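Participant: Got chain A sorted already, so can you dock chains B and C onto it with the hints?
Protein chains in written order, with the numbering used here: chain A, 1 to 354; chain B, 1 to 354; chain C, 1 to 354.
Rather than coming from a laboratory, the hints here were simulated on the basis of the structure. Hints are supplied without guarantee of correctness; some may be wrong.
When chains are identical, the list treats them as one kind, so a pair holds in a single copy or across two.
[Stated by the list, open to error] Derived pair list, reagent style SDA-like, types lysine to any residue, alpha-carbon separation capped at 20 Å:
1) Lys30 - Ile165
2) Lys333 - Val201
3) Lys30 - Ala50
4) Lys337 - Ala347
5) Lys333 - Ser23
6) Lys30 - Asp44
7) Lys53 - Ser35
8) Lys30 - Gly51
9) Lys147 - Ile171
10) Lys337 - Tyr327
11) Lys200 - Ser77
12) Lys200 - Asp290
13) Lys333 - Ser343
14) Lys53 - Glu230
15) Lys147 - Arg203
16) Lys53 - Lys337
Bear in mind the structure is a predicted one, so any value in this text is a computation, not a measurement.
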Amino acid sequence: MQIKDVAQALGGRLDGDGAIEVSRVVHPAKAELPSDLALAMNADAVASLAGSKAQAVVVSTDHPVPAGSLPAVIAVSDARIALAKLTAIFDPGPAHDGGIHPTAVIAPDAKLSEGVNVGAHAVIGALSRVGAGTTIMPHVTVGAAVKIGARGLLHCGARIGDRTIIGDRVIIHPNAVIGSDGFSFAPDLMSATTYTANVKVSRVHSLGNVSLGDDVEVGACSTIDRATIESTCIGSGTKIDNHVHIGHNVTIGDGCIVCGKVGISGSVTIGRRVRIAGGVGIGDHLSIGDEAVIGAGSAVVTNIPAGAFVSGYPAVPHPRAIEQYVYIGRLKKMYQKLDDVASRVDALEQTNKE
Amino acid sequence: MQIKDVAQALGGRLDGDGAIEVSRVVHPAKAELPSDLALAMNADAVASLAGSKAQAVVVSTDHPVPAGSLPAVIAVSDARIALAKLTAIFDPGPAHDGGIHPTAVIAPDAKLSEGVNVGAHAVIGALSRVGAGTTIMPHVTVGAAVKIGARGLLHCGARIGDRTIIGDRVIIHPNAVIGSDGFSFAPDLMSATTYTANVKVSRVHSLGNVSLGDDVEVGACSTIDRATIESTCIGSGTKIDNHVHIGHNVTIGDGCIVCGKVGISGSVTIGRRVRIAGGVGIGDHLSIGDEAVIGAGSAVVTNIPAGAFVSGYPAVPHPRAIEQYVYIGRLKKMYQKLDDVASRVDALEQTNKE
Amino acid sequence: MQIKDVAQALGGRLDGDGAIEVSRVVHPAKAELPSDLALAMNADAVASLAGSKAQAVVVSTDHPVPAGSLPAVIAVSDARIALAKLTAIFDPGPAHDGGIHPTAVIAPDAKLSEGVNVGAHAVIGALSRVGAGTTIMPHVTVGAAVKIGARGLLHCGARIGDRTIIGDRVIIHPNAVIGSDGFSFAPDLMSATTYTANVKVSRVHSLGNVSLGDDVEVGACSTIDRATIESTCIGSGTKIDNHVHIGHNVTIGDGCIVCGKVGISGSVTIGRRVRIAGGVGIGDHLSIGDEAVIGAGSAVVTNIPAGAFVSGYPAVPHPRAIEQYVYIGRLKKMYQKLDDVASRVDALEQTNKE
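Excised from the complex, chain A in its bound form (with noise of 0.2 Å):
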């Protein structure tokens, strides 16, 4: 590619020549040969330029570098944005032969669309459709009757239980589960207030599946139950990370971002466009509004409101759990000037009684 593409494709200002060719995005100080390009974004990566080897930078306009600093600097003024850009022209995706491995099993009926690849040792069962252009790599498993759509990426390890649906240009990370069974008992024994010998327990099954839209990712060893009866729903758009846990019945709407570690527990509503930062718990049966944005490592044990910003253990509005840490860190103080106030107070009372 010549960096005069890639500068017209980040909508960046180039200065230099536009003729040269780059094949890889390396740090300033890892740049080996010509054909690799620097990225500077920040004042330590632009420092490294100095004794770069490369012929070609991409800075931000936060940090400009002199013209003539290297042959060609291409100058972009939203460096995330111009990050995402860069980082999607390069990713040559996961490597893999293309086509179907002669060691995948592939149930005679089920379908798979024009361009499709499947992976070494992967598994796909009866009546599954896989959509154009899909790729699924080695040791994914997918169940019976799933339907996945067009331009995906199954990635290693991935388990996809029968009557699942996937839209199109989903992302499934290694070793994620989805359509596993809801964990879900009678007598509910999480609610019930006594749990002795004499209760005897019984499994509620999960007769329901998962539905996941458009563009949805979900990380690496993360799970979603399928319903006991309906979909477990993960609306078109919505990001999630590792180790993420997603209970039976959740229904999750367009455009959330969901960090790692986060548990949601089974019955759980949210709405569209949440941010949900690493580590929360969200307790059963709650419900979250749109575009509301809960801290790290909070617990949540109500429902929460659209655009709400909450935070702590249990979750409260963010300015009150911030306000509680500064009191709780001046607890010591206040102690002692009780004590204080106390003592002058039993001196007050012993002059009047004097």
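Facilitator: Then chains B and C, alone, in the frame of chain A:
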């Protein structure tokens, strides 16, 4: 299945035509076929019965429907127990072809009892035994000298370490790991007070195994480490949700409920029918008594007596935890009150001086 | 192995018959064969020696046993170090047939050094290299251009992403994922103050890799995301437990201990010999100094200096965290005391008025 048989299995009262054939359980609004059995246990679902295409419905006596609303109505008195029975009746289990798939790799000296199914690309190690009627789904790894009981179900991607012992009717969910190495080093670095470059760290190897009783479930992506010398033991009937970590040398009694994302450190001893809500962490070498309950997100740092209900970070008796949150919520007002009292004492002292 | 060789390996004092052959380490009560070597390092196990069928035992000088209790007694002065040595001697490692299993799928241009074992259904990608004596268990996926050092062990279901670099003697536990994509989007939604339907979310692709030093362990179901441009680095000798999530661009120094269920957000920098207890969460872009200790369940939201011991939610110096819990526990009494003082001030003011 005829609706009169469903009514009998659920112990419910049948009004209407018992001869209607049903083959699937659905939400009233999702019924498409005459053989769809609607489930309407709450007010919402009952409201959807009006336009439903279902011929038969199961309702709760808590949310009764007028006689004749549908050609057949089954009314049950305990909705959750009925849900367990109903879902068990209609659960087809995970789809598989049955038999031993030709791509499965089974050690010549492994012993499979009658009716064992082994899916595509599964691996079963030397000297392992699998009980009658157990199903091993695709991509499962069973190590060497493993004993698995009858009528079990090992979902795809489950990893069963060498020497693991598994009872009857055990369900291991996708990508769970049973019998991984314990996390154990010498010296015990988490207790040591100093750790410098001079400290040589050695690995304590795990020579023991994991033993699961009958009717145990282990959730997707959960891990149970094997013991150093003896067995990490999980009692019969204990149900473990997704993303649970159980350390080496742990003993858990019968009938426990361990919800999602719980972490149990090494050498913890847990009694019978203990309920542990989501996200709980339990410190090493602690002991939790029979029928104790641990609230969601708690950090357990002390032994918990039998029957106790604890919660919080760190966990204390639940009423005390609630009390603490209440008082923490009032801290701002208390600081103001203390300031006010202190000012009034200033004034009193001033008056006395004058 | 003869008991005298065991004694020598442990650096322990041997009383009795050094020629006894031992082949397995067991709890005294579990000894069945004359070749079972009992381990009795604590009072409980010593008490079980009475009825044990073992001919030989390893005890700690902290819990000595009478001379002649058993035909052979090895006494060691540091029980934990001896346990590490003893378990290393008797660990057979995971069972495998050795060699390259015929069902393994190995790219023609992958390069396996001498003594490499590859298990059933494992997959090794193009241009990858595996060092001498390394064992790859069944169902492992190694991507393309991966470099794995010598004498390593990749347990079943481990996923190694393209371009990962792994040192010597590294152990990857079952279903761990090394080199998954980072969770990174533009704009940076977790920092942004508004996120509406008008915001276009773009993916920042991960072009970098993961680099693990020598003697690293990565626990079952743990995940390490690769860097955006450079490398997510884990230093030599660092041990990572199960269910740990390490985000993209993270750097961890040598000799760290990362316990179960820890979550480390993107771009965190961690020094050498840092100890992180179970369940800790660390916010993005933070820095943790050498030899710092982070207590269990803590939420780290600030940089932590070298040598510090912090804990709590949010994490503060440990003595302050303890102090806060103590004061929080006394809040009810403090409220009562404040009420009492206020009433007495009321009374004093009333007296002054009169």
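Participant: All hints are to be evaluated individually against the structure, with a verdict given for each.
Facilitator: Hint check:
{"no.": "1", "hint": "Lys30 - Ile165", "result": "between (43 Å within a copy, 16 Å between copies)"}
{"no.": "2", "hint": "Lys333 - Val201", "result": "neither (51 Å within a copy, 42 Å between copies)"}
{"no.": "3", "hint": "Lys30 - Ala50", "result": "within (12 Å within a copy, 66 Å between copies)"}
{"no.": "4", "hint": "Lys337 - Ala347", "result": "both (15 Å within a copy, 16 Å between copies)"}
{"no.": "5", "hint": "Lys333 - Ser23", "result": "neither (61 Å within a copy, 62 Å between copies)"}
{"no.": "6", "hint": "Lys30 - Asp44", "result": "within (13 Å within a copy, 58 Å between copies)"}
{"no.": "7", "hint": "Lys53 - Ser35", "result": "within (10 Å within a copy, 65 Å between copies)"}
{"no.": "8", "hint": "Lys30 - Gly51", "result": "within (10 Å within a copy, 66 Å between copies)"}
{"no.": "9", "hint": "Lys147 - Ile171", "result": "within (14 Å within a copy, 26 Å between copies)"}
{"no.": "10", "hint": "Lys337 - Tyr327", "result": "both (14 Å within a copy, 14 Å between copies)"}
{"no.": "11", "hint": "Lys200 - Ser77", "result": "between (64 Å within a copy, 17 Å between copies)"}
{"no.": "12", "hint": "Lys200 - Asp290", "result": "between (40 Å within a copy, 17 Å between copies)"}
{"no.": "13", "hint": "Lys333 - Ser343", "result": "both (15 Å within a copy, 16 Å between copies)"}
{"no.": "14", "hint": "Lys53 - Glu230", "result": "between (58 Å within a copy, 16 Å between copies)"}
{"no.": "15", "hint": "Lys147 - Arg203", "result": "neither (27 Å within a copy, 24 Å between copies)"}
{"no.": "16", "hint": "Lys53 - Lys337", "result": "neither (64 Å within a copy, 66 Å between copies)"}
In this structure, the earlier hints numbered 2, 5, 15 and 16 are contradicted, and the remaining ones agree with it.
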